[in-house]
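Engineer: Here is what each chain is made of, one letter per residue.
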Amino acid sequence: GENVEQHPSTLSVQEGDSAVIKCTYSDSASNYFPWYKQELGKGPQLIIDIRSNVGEKKDQRIAVTLNKTAKHFSLHITETQPEDSAVYFCEGNAGNMLTFGGGTRLMVKP
Amino acid sequence: DAGITQSPRHKVTETGTPVTLRCHQTENHRYMYWYRQDPGHGLRLIHYSYGVKDTDKGEVSDGYSVSRSKTEDFLLTLESATSSQTSVYFCAISEGSLEAFFGQGTRLTVV
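Here the protein sequences line up with chains A and B, keeping their order.
The first sequence begins at 44 in this note's numbering and counts up one residue at a time.
The second sequence begins at 2 in this note's numbering and counts up one residue at a time.
In case anyone wonders, no lab produced these hints; they're calculated from the structure.
Treat the hints with caution; some may be incorrect.
Derived pair list, reagent style DSBU-like, types lysine-lysine, alpha-carbon separation capped at 35 Å [unchecked claim]: (1) A/114 / A/101; (2) B/12 / A/114; (3) A/111 / A/65; (4) A/111 / B/58; (5) A/65 / A/100; (6) B/58 / A/65; (7) A/80 / B/58.
Construct all of the structure, not just a fragment, from the sequences and the given hints.
Structural biologist: Written out as structure tokens, the structure is:
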């Protein structure tokens, strides 16, 4: 199955700074690259995704970039706010199985 | 919100007892998944289903079984619960290489 690695496992930033989380995957056939946000006591929810025919996608303060040659994609959060504090997961999808990165706990300090 | 419901939301059970967790969806999605979430381990796939009566193992399937007799229901059974199965369990649904929708989770404690 797909091997997905996510870094860093924890990230602490000052409010207003940027945060970047990186995910590497193993299956070159992957063509869908989503990021999920999990708030305390809830299930993960999709925040942004990208398909393999696009190199970058933005939605307000968040963006995802994809490098298919190097097999990695990254989540970028600009102007971080305290409500961005959560656990973030990337997903790999080879065939029918959905495999998730180990998660990144982002802490935004006011 | 996607129509996906997990029950129960919380359960405390004794070692050696059988436990069944239920995932119910109203989205008619083909794929259903069971994950466990433990500190330091992220989301680990237990079992998944790609259709009625079609299931397959994930990376941490030992001690768990699943059944899917209807499109909308995916059951996870711990035949004889152990303390190592204390965890938060999440069900997810998807339609192939598209967004996955998660339930709210079931917190299971085995004492």
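Engineer: Each hint needs a verdict: does it hold in this structure or not?
Structural biologist: Hint check:
no.	hint	result
1	A/114 / A/101	20 Å, holds
2	B/12 / A/114	40 Å, violated
3	A/111 / A/65	13 Å, holds
4	A/111 / B/58	28 Å, holds
5	A/65 / A/100	15 Å, holds
6	B/58 / A/65	28 Å, holds
7	A/80 / B/58	26 Å, holds
This entry does not satisfy hint 2, going by the numbered hints stated previously; all others are met.
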